[in-house]
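Visitor: Protein chains in written order, with the numbering used here: chain P, 1 to 231; chain W, 1001 to 1248.
For the record, the hints were derived by calculation from the structure and aren't laboratory data. Here the structure is a predicted model, which is why all the values come from computation and not from measurement. Built from N, CA and C at the ideal position, the CB exists for glycine as well. Wrong hints could be hidden among the right ones.
[Claimed, not checked] Derived coverage of chain P by chain W (criterion: at least 3 residues anywhere in the stretch with Cβ under 8 Å from a Cβ of chain W; other residues may be distant): (1) 9-18; (2) 90-100; (3) 104-112.
[Claimed, not checked] Pairs of lysine-lysine, BS3-like flavour, derived with a Cα cap of 25 Å: (4) 1002(W) / 94(P); (5) 1148(W) / 198(P); (6) 1079(W) / 91(P); (7) 1227(W) / 94(P); (8) 94(P) / 1006(W); (9) 1016(W) / 91(P).
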Amino acid sequence: MSTQKQSLSSIGRKVLMALTGFFLMVFLLQHMSINMLSVINADVFNEVSHFMGTNALVQFVLQPVLIFSVFFHFVWGMVLEYQNNQARSIKYAKYSGHANATWMSRNMIISGLAVLAFLVVHFYDFWIPEINTKYIEGDMTGLHPGSNEFRYHEELVDKFANQPIRVILYVIAFFMLSLHLMHGFQSAFQSVGFNHSKYTPIIKKMGNIFAIAVPLGFVFVALYHFIYHPH
Amino acid sequence: MKLNLKVWRQQGPQEKGRMVDYQIDGISEHMSFLEMMDVLNQKLIGSGEEPIAFDHDCREGICGSCSMFINGEAHGPVKGTTTCQLHMRSFKDGDTIYIEPFRANAFPVIKDLVIDRSAFDRIQHSGGYISVNTSGNTQDANATPIAKEHADLAMDAATCIGCGACVATCKNSSAMLFVGAKISQYALLPQGQVEAKDRAQNMVAQMDAEGFGNCTNTGACEVECPKGISLTNIARMNREFLGGSLTK
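Input sequences plus hints: build the corresponding full structure.
Guide: Structure representation (structure tokens):
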């Protein structure tokens, strides 16, 4: 029996995992929606990207919340996995986890770490160059140097055009994200105490739709620009 | 039936245990799993070996004593049963059966398949009660009206026999289904409201102190629970806990 005082109770921890998860899911939905604009209309995509990149509320309120959520969700996810592993020092000789729980629910750490690995690549690809242009070079115009054309759409297309390895990475990462969301979406509702005989089955269905549609949206955009590009 | 058994043997709490192989023959498919263990123990005693220690009491699925982890599942492959209610017809001639104690650091092994579940008792002591005057002034049971729906849900939660299958089967060794059921059975009734603000706080604090893992909502506990305790009880515990935290 451990007498160590926990700074945050086991329920507090799961609620914070759920709340950061909710925020990250809303973020994914808006990110995917904006990406989808790049397929529909380059000008609209540029306008919206410029708005998101320069709006004070987005940049200085929502972005810090996003960074906190990503950091907290990943770090606590790993801490919890470690603690949970420690709660059973001697493992079972035979353990049939598949008999009573889905693969997705039992392997959130695997799908989560795969998404984390992707995020590292994604930061290197998009976020760091963007921050560099805006805050280090001080160019907040969002324009190509010496022109009146926005650069966002062209940058996006360049990342995928003739880049099969990046597209394959995208497909794998979003497949793992899909597995993560299949459990995460409905689990977040349960964690904040929402479980209802009528609405929980609907939430589970919505969760599966979200978990398939959102990652598929991201993959579609990558594939679209991989196949249809001007050069 | 002829069976190959792989059984966890451990001399005492501090000793190192190991899986030991036993062959057993002449097992009837009508025997309960515990009767099969009895036959094995008779054989061991006859050959001068120490019998396998295992928990059992009522053998009618109500006391929650029997606690074996059989072929990777708490209480074996049949859902909604305790080990004593599991029958050998669930197995085939020639099967290999793994028999282990319920494993969690909060449930230390005492000997062989016997575990110490007093962590559950300490959680109950920390808040699983109501304070009423029972000195001859007992109120008529029908004096406090309770909605049928609430009475039924409270009864469902109260059917938890505290066997620990939820902890044993959970990949995280979490006790939230047990604690959720114990909190729910009071939270749903007017008699439970007096201590409601502190109950979830205290029971969750004790649960954490005992070293159980964190719940990740896999739902395995609900599937393996011999009494069909639902995950809605964990959600209710979360609400009770959050409500208690915010209004304190």
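Visitor: For the stretch 9-18 of chain P, do three or more residues have a beta carbon lying closer than 8 Å to a beta carbon of chain W?
Guide: Answer holds; 7 residues pass the 8 Å Cβ test.
Visitor: Given the hint that residue 1148(W) pairs with residue 198(P), test it: the Cα-Cα distance must not exceed 25 Å.
Guide: 18 Å, holds
Visitor: CA of residue 1079(W) to CA of residue 91(P), is that 25 Å or under?
Guide: Answer holds: residue 1079(W) to residue 91(P) is near 22 Å, not above 25 Å.
Visitor: Regarding the pair residue 1227(W) and residue 94(P), is the alpha-carbon distance no greater than 25 Å?
Guide: Within the cut-off at roughly 24 Å; holds.
Visitor: Within a Cα-Cα threshold of 25 Å, do residue 1002(W) and residue 94(P) meet the stated pairing?
Guide: 20 Å, holds
Visitor: Between the stretch 104-112 of chain P and chain W, are there enough contacts, at least three residues with CB-CB distance under 8 Å, for the coverage claim to hold?
Guide: holds (count 3)
Visitor: Taking 8 Å as the C-beta cutoff, is the stated coverage of the stretch 90-100 of chain P by chain W satisfied by three or more residues?
Guide: Holds: 10 residues of the stretch 90-100 of chain P have a Cβ under 8 Å from chain W.
Visitor: Does the structure keep residue 94(P) and residue 1006(W) at a Cα separation of 25 Å or less?
Guide: 10 Å, holds
Visitor: Given the hint that residue 1016(W) pairs with residue 91(P), does the C-alpha gap stay at or below 25 Å?
Guide: 13 Å, holds
Hint compliance for this structure: every hint is met.
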